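Just so you know, the protein sequences line up as chains D and E, in that order. Each residue of the first sequence is one higher than the one before, starting from 1 at the first, in UniProt numbering. Each residue of the second sequence is one higher than the one before, starting from 1 at the first, in UniProt numbering.
Some hints could be false.
All copies of an identical chain are treated as equivalent in the list; a pair is satisfied when it fits inside any one copy or across any two copies.
Below, a list of computed lysine-lysine pairs in the DSS-like style, where the Cα atoms sit at most 25 angstroms apart [said to hold, decoys possible]: (1) K255 to K347; (2) K510 to K596; (3) K589 to K236; (4) K344 to K249.
In short, the hints are calculated from the structure, not lab data. Fair warning: this is a prediction, and the values are worked out from it, not measured in the lab.
Number of protein chains: 2
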Amino acid sequence: MNTQIEEQLSGIANQLRIDSIESTTAAGSGHPSTCCSAADIVAALFFGHMRYDPKNPKYANNDRFILSKGHAAPLLYAAWAEAGLFPREHLLTLRRLDSDLEGHPTPRLSFVDVATGSLGQGLSVGVGMALCARLDQLDYRTYVLMGDGECAEGSVWEAASLAGINKLNNLVAIVDVNRLGQSQPTAFQWDLEVYRKRFEAFGWRTEVIDGHDMEEILEVLGAAGVGDQPLAIIAKTIKGQGVSFMADKEGWHGKALSKDEAAKAIAELQPKAKSGLAEPIPAPTQLPMPKNEAPAGYPATNYKLGEMVATREAFGAALLRIGEVDERVVALDGDTKNSTYSEKFYKKFPARFIECFIAEQNMVGVATGFSTRGKVPFASTFACFFSRAYDQIRMAAISMANVKLVGSHVGVSIGEDGTSQMALEDIAMMRAIEGSVVLYPSDAVCAEKLMEQMASHKGVAFLRTSRPKTPIIYNNDEQFPIGGAKVRKQAAGDKVTVVGAGVTLFEALKAADILAKEGVGITVIDAYSVKPLGKDVIREAAKKTNNVVLTVEDHYPEGGLGDAVAGELSVDGVRVHKLAIRELPHSGKPEELLAKYGIDAAGIVKMVKSIL
Amino acid sequence: MNTQIEEQLSGIANQLRIDSIESTTAAGSGHPSTCCSAADIVAALFFGHMRYDPKNPKYANNDRFILSKGHAAPLLYAAWAEAGLFPREHLLTLRRLDSDLEGHPTPRLSFVDVATGSLGQGLSVGVGMALCARLDQLDYRTYVLMGDGECAEGSVWEAASLAGINKLNNLVAIVDVNRLGQSQPTAFQWDLEVYRKRFEAFGWRTEVIDGHDMEEILEVLGAAGVGDQPLAIIAKTIKGQGVSFMADKEGWHGKALSKDEAAKAIAELQPKAKSGLAEPIPAPTQLPMPKNEAPAGYPATNYKLGEMVATREAFGAALLRIGEVDERVVALDGDTKNSTYSEKFYKKFPARFIECFIAEQNMVGVATGFSTRGKVPFASTFACFFSRAYDQIRMAAISMANVKLVGSHVGVSIGEDGTSQMALEDIAMMRAIEGSVVLYPSDAVCAEKLMEQMASHKGVAFLRTSRPKTPIIYNNDEQFPIGGAKVRKQAAGDKVTVVGAGVTLFEALKAADILAKEGVGITVIDAYSVKPLGKDVIREAAKKTNNVVLTVEDHYPEGGLGDAVAGELSVDGVRVHKLAIRELPHSGKPEELLAKYGIDAAGIVKMVKSIL
């Protein structure tokens, strides 16, 4: 080894420690101790190993770096300042409202691909990036820096398993084992063998090192990419390394140093610090970049009115149809592809399909990874199982990721399988995601057109598909913009505006026929876009029925379609009556359950009469 | 080994296979193939190993059995019929609306402790039960039957890790490695070594066996409880075992046999089937049962009006105060106990505190396990990280579990840490849980009293606590029933009813003062019970302000307080204007963020003026 380089990198590490302490002290909060433990590793990666263009962090073939332990943000910011992306003085704006150097990293910064700060999620994103490198035939590597504490998160092992299965030798995880958690020591402290055994059992090659020995760090990094396994580097480190009164002491997690303490710490670090000598290794040979461009349009659909097709089948057909002209589309599923119908895409484009097995958290994280590389990932499973990945979906939104989620088997209309398989809170959950789009088609034409909207739209979007077959009610040329709604039935003198979506739309239409025979007219609206809600359409219709609205949904009453309509339109004087599932449902036949829980045509008729 | 016993148990296994096939064929749906793979293991457990009273499945010292692979429900039902709990004919009511033999097990059945069907959750519940056995000094053992496919779920490894750390030698996991998933073979098929290595790396003793060899099954079960580690039995099995045309064939997942197929299958199984000879092993010696009774009352609180106390601190104080008189209370945290303040309880009652480390899914599953044993578990972490466990919370509700969740650090009022640490969708998420209670105190008195309500209430309840200190505004004798709301300020001529909760209540009170100076009166309501909502109080107040309501919440606009009020009261003609966080927030000082996103006093004043 070249000891001069090692000395230089160790010097930079100390400079990064100083920067992390200064910035957190200026902010009055933050995590300097965890920055100190990882500083040597980051210095080695950024200035002794990774290949990237420091002036262009977005260049597609740069090596990728994910700070899974997001609370070490000041260290990441210091590294990019050292790399020359922005002046070091900016570091002192840490955590300020006028600075994008936030408490935890977000993609408001050009050099951050994904937001981190909810622990245990970085490795999934890294797996997505590493898989994408393979798909795009790019030779960048992906490095994920993790804390030891976050290795308790199951999502880490979901990701580790998929990386092992896919033999991702372009992926490197580095675990910064600094022994101390937030509130007490970690379960395994410095028992590095525990981490080694776990990663090996999950199909990884491992290296156990001293995370403050620059020679060792560079040596094991030098062997990244060797063999056909991902590499886990288990690094023994000291939290607060370099600062005598903080090193390996409890009580320093998430605590900024006072000005006096900072001065003392810097006095210790300064003699061994170096800066301004760093020269990142240039990005690898310029390779042809993936196009990742949206197509001009999509082939037409060809359904016949009255034909019976489940919207989940239409999703499968659309995924294939869209995927054929849009190379950005990749698909992921959690061993439900024969039920969600993503199987159609898998059979045609196996290289663009990731079987994630029964591990929904990782599936969403991997999708986020693909989205950061310009892809349009569609991840599908039973809608209720997206609840498993709600934190990952939340972080995808904070990451401003372009992730598409498709959940099938919603509501009591799935029937006999019972409550555990019924999504009854998915609309509430997905509506509450910042900036999300929530779509709920009733027929196959609508489902297919909404898939086009999702592929074109940028951001987190959710499509709620149903298990039962439903009749085609729209022509193939009907348009379904995000934020719209369709008036399906309306006549002068209508008494109530009934708003349905999915299976309940058909019940509402049946109810309209029954009520018509009794001389009662109702307006029926298809609220296929639950968020943003087609509120103008609903408001206009409601006006004509004396502002009386009845919503009907195969979902619990909280946060779903009814709350969406009331939440948007009560301000206009609209009075919203709600039919929804108001108890834990039971197994049974779909039609029995719709009836028992009062969301079928008879339930709607009864409710309309009670309103009048 | 006694070969006669083995032969008898193998015969029972075949009878259970027959029952599983008959019941699913009668239902027209279900998972017979997965019942067949696990039948020998279940026969061995139920009739050759576990100690329990078959007439009294709820007896506290029975060995516990959790069918984590819930889709094998027909096998579980068949075992209890064989044990004599109910007549075998009832099995033919499987999946019917009039039968509690649902598609996946739920505690509607006396012999089911927790609902299963969302894979990968049973082991966490088992860990909770095993920990509870230790706490209660009972010698029952807990057996968890898992599928191989579900071992891809990270929650399994969270649970496995905590079991290893706690050396739960009263816990046995059996993995039914039948090689075939729903849509394709599992990643590791019959590579049993993968599972063995993983469990060993997570601190378990392992045994690899042929899951159809009764001698081997009984032998390894006989060594359960030996040593100081939990035991994982990795059993190689054949999906569809015993039925030639189904055994080890793809395409048979989740598929009932036709009547003809069933007849053929039964013809193969019948000659080797035995029934009516089964005699479970009696439950172990009757031990003193834990009391698990609610106390007559709780000690009083002693706050002073105007004192500054964060509601998270009040939670910690209440947990200790309540825990001192209520032995049912146990506490769990995910390495945030110094921030959530559950640390106070931990220091006083370490034996009743479970440090779950950074693994929220498992924490909620363990809490569910404790709740099935009569405890009142309080699990705490940052509120945003409960999104990690949303599926576990959903399943806790389906399990009718008595689980209490306390989430701190909510909304933009946490300040500098940034969006990833801010709970902004937790109210929406928790409201959508069936039967849940969602509470949001503004001051410490209210927080403490709501903790009493939570401890007394049965079911899933969520307390949303805040990071900043807020002034005490209630007297120590104030009562806060679930479903109530408090009018904090009201006068004749008020123009708008402003509904706040938590930090926004204080902003509303400040706004009232500012507006009063300008001659505009507003009513201010503390909506401390978001679900059930104190809707009568709000409705009455709204009536007096011409039905004009303004909700103010430190939460996204979807599914939160505003939607709750609009969703409940629009039907009465109440018009709800909403102030909420309408974009991805940034790091900054709490007061800066409240101002930037328009939920501070100035924002309320502005909105009230624009409404008038």
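Hints, verified against the model:
| no. | hint | in the structure |
| --- | --- | --- |
| 1 | K255 to K347 | between (52 angstroms within a copy, 22 angstroms between copies) |
| 2 | K510 to K596 | within (17 angstroms within a copy, 48 angstroms between copies) |
| 3 | K589 to K236 | neither (57 angstroms within a copy, 35 angstroms between copies) |
| 4 | K344 to K249 | between (56 angstroms within a copy, 21 angstroms between copies) |
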